[in-house]
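Colleague: Position chain B against the provided structure of chain A, taking the given hints into account.
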Amino acid sequence: MRTSHSVRQRPSVNMAGVGFRRWAQALCRGNGSGISALVSGCRAASGVSKGSLPGPYPTTPEEKAAAAKKYNMTVEDYEPYPNKGEGYGDYPNLPERSQHERDPWYQWDHPDLRRNWGEPIHWDFDMYIRNRVDTSPSPVSWSSMCKQLFGFIGFMLFMFYLGEKFPSYQPVAAKQYPYNDLYLEKGGDPEKEPEEVKHYEI
Amino acid sequence: MADYQEAPLATRPKTLDPNEYFSVSLEQRRSEQSRAALRANLKRQYQMQLNNPLRRELIEDPALTRWVYARTHTYPHFNATSKTSLLGAMFGVAPLFILYYVFKTDRV
Chain A
78 MRTSHSVRQR
88 PSVNMAGVGF
98 RRWAQALCRG
108 NGSGISALVS
118 GCRAASGVSK
128 GSLPGPYPTT
138 PEEKAAAAKK
148 YNMTVEDYEP
158 YPNKGEGYGD
168 YPNLPERSQH
178 ERDPWYQWDH
188 PDLRRNWGEP
198 IHWDFDMYIR
208 NRVDTSPSPV
218 SWSSMCKQLF
228 GFIGFMLFMF
238 YLGEKFPSYQ
248 PVAAKQYPYN
258 DLYLEKGGDP
268 EKEPEEVKHY
278 EI
Chain B
17 MADYQEAPLA
27 TRPKTLDPNE
37 YFSVSLEQRR
47 SEQSRAALRA
57 NLKRQYQMQL
67 NNPLRRELIE
77 DPALTRWVYA
87 RTHTYPHFNA
97 TSKTSLLGAM
107 FGVAPLFILY
117 YVFKTDRV
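Same order as they appear, the protein sequences are chains A and B. Residues 78 to 279 in my numbering are what the first sequence lists, from first letter to last. Residues 17 to 124 in my numbering are what the second sequence lists, from first letter to last.
If you're looking for bench data, these hints aren't it; they were derived computationally from the structure. If you're wondering where the values come from, they're calculated on a predicted model, not measured in any experiment. Ideal Cβ placement from N, Cα and C applies to all residues, glycine included. Treat the hints with care, as some may be off.
[Stated by the list, open to error] If you anchor each label on the Cβ, the simulated ranges turn out as follows:
1) B/Pro92 <-> A/Asp211: 29 to 35 angstroms
2) B/Ser101 <-> A/Arg179: 35 to 41 angstroms
3) B/Gly108 <-> A/Leu130: 26 to 32 angstroms
4) B/Ser50 <-> A/Ala101: 50 to 56 angstroms
5) A/Ser126 <-> B/Asp33: 57 to 63 angstroms
6) B/Ser101 <-> A/Pro216: 29 to 35 angstroms
The following block holds chain A by itself, in its conformation from the complex (with noise of 0.2 angstroms):
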């Protein structure tokens, strides 16, 4: 049922000018100093609540199950970094997997990223997305890839070196200039006679 024509019309208020009224009667009234005055005591509910966040490096067997509850993942699975003060806190530490060796065919949220929603991320994803970082097994062993590339270029490194220091190249003789070796175009004097240039013997 509508009301509309009961209601009184207030007249229009500046919400802002109101807020800002507000804010500066309770930094007159306020007990605190410094930024804490300025800034609000109660905080919005909206957004990440504090819990939801990674904290610090979990001790105790409940922290351990609170933390694998809140990264949605079993017990068994999370395991947190080493607490050796590289800043880790309390974030997984999931297996180094590149996203090339997730299924393709599996029917992934987030197929260019094969990641489901809600999924844990590892630490390093960014280096694991299927443009970067592949860890997927290779066809030849590592040490066999090793030896081949290494073996490769220490080979063409040494044969190199070799050519360096034993150049081999046709027999060549110092160029030899026509005109008593260029004296005039050496700048010799037109007026004195040259000395007698021979480069070739009979």
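Modeller: Chain B in isolation, oriented as in the chain A frame:
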């Protein structure tokens, strides 16, 4: 593929793991079940949000939020051990002095 060997930087795929097929104990089945239950719950949450006709906003991924937060807020969990100090000195302090020296002495 019976003689497949793992490499240091490559892993054995799950389908080539013989433990997947032989001697699967009850414990393992139970843990697989709990993992599948977690995954199914997440799938359900995502699908409910995805197919909600009244949804206007982006679907926010809390795992992504946590990942970004963890990567940016490493300082509260930082401790100055020998290893971290060495790394900091090697990558932060030494290049400063080395590059200063190189730029100042080696002028073209």
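Colleague: Which hints, by number, does the structure contradict?
Modeller: Checked against the structure, the hints that fail are numbers 5 and 6, while the rest are satisfied.
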